[in-house]
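*Asks:* Guided by the hints, dock chain B onto chain A, whose structure is given.
Residues per chain are reported as follows:
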Amino acid sequence: NAGVTQTPKFQVLKTGQSMTLQCAQDMNHNSMYWYRQDPGMGLRLIYYSASEGTTDKGEVPNGYNVSRLNKREFSLRLESAAPSQTSVYFCASRGNPRGWGGNEQFFGPGTRLTVL
Amino acid sequence: AQSVTQPDIHITVSEGASLELRCNYSYGATPYLFWYVQSPGQGLQLLLKYFSGDTLVQGIKGFEAEFKRSQSSFNLRKPSVHWSDAAEYFCAVGPMDSSYKLIFGSGTRLLVRP
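From first to last, the protein sequence lines stand for chains A and B. With the numbering used here, letter number 102 in the first sequence gets 102, and the count goes up by one each step, no holes. With the numbering used here, letter number 65 in the second sequence gets 1065, and the count goes up by one each step, no holes.
The shape of chain A in the complex, shown without the other chains (with noise of 0.2 angstroms):
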């Protein structure tokens, strides 16, 4: 198992520029999240998506929008970049909470993301 994929790995954008990060999880999971992380804030979170189909907006949601496109995937958009939005992303999963994995969340490797 990959476990939580992201792509890509490092991005530098212009402002104004648009693009996406892609998320991707093997593990059957039904909740997904995008967090941000900045130094000395920990991670906050952008958006999540309990289930297929749904999406909630989280702390930092504003900028950003998501794409819940099938039960592996969760994407991130950036439409108009800004140089706030640099930072590190982050995706997670987790499981169903009575099965395994239920009461954990499993983070990707994270996207470097530099708007100019």
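Hints in this document: simulated from the structure, not taken from any laboratory. This structure is a prediction, so every number in the text was calculated from the model and none was measured. For glycine and all other residues, C-beta sits at the position ideal for the given N, C-alpha and C. A portion of the hints provided could be inaccurate.
To be verified - Below, simulated EDC-like cross-link-like pairs (lysine to aspartate or glutamate); rule was C-alpha separation at most 16 angstroms, straight line:
1. B/Lys1049 to B/Glu1064
2. B/Lys1049 to A/Glu104
3. B/Lys1101 to A/Glu59
4. B/Lys1101 to A/Glu104
5. A/Lys71 to A/Asp26
Stated by the list, open to error - Now the stretches of chain A that chain B is said to cover, found in silico as 3 or more residues with beta-carbon under 8 angstroms:
6. 42 to 50
7. 108 to 116
*Replies:* Frame of chain A; chain B shown alone:
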């Protein structure tokens, strides 16, 4: 408001010394509690978790944590630190509902002196 506080931004210990990383939380009810570790350039790995029952929980890599309800704390400990433990450590809390949105502390960076 729900929050997690890790009061120590950096901690330096000598290899072989004991370690305690502090975590305090503010939450409406007893939450799920977690400690994650992040090595440089890597994602987060779960060290241990608390849901209910015994308030002293054991994790991977020789770590343990104790939940103290009266102090709203969940401190991480290790009796003897190894150089490979140098990393950033995050405490997190989450609700006991289906949303399961975790709230993270700001992290504590552990440096290990040879």
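*Asks:* Would you pick out the hints that fail for this structure and give their numbers low to high?
*Replies:* none
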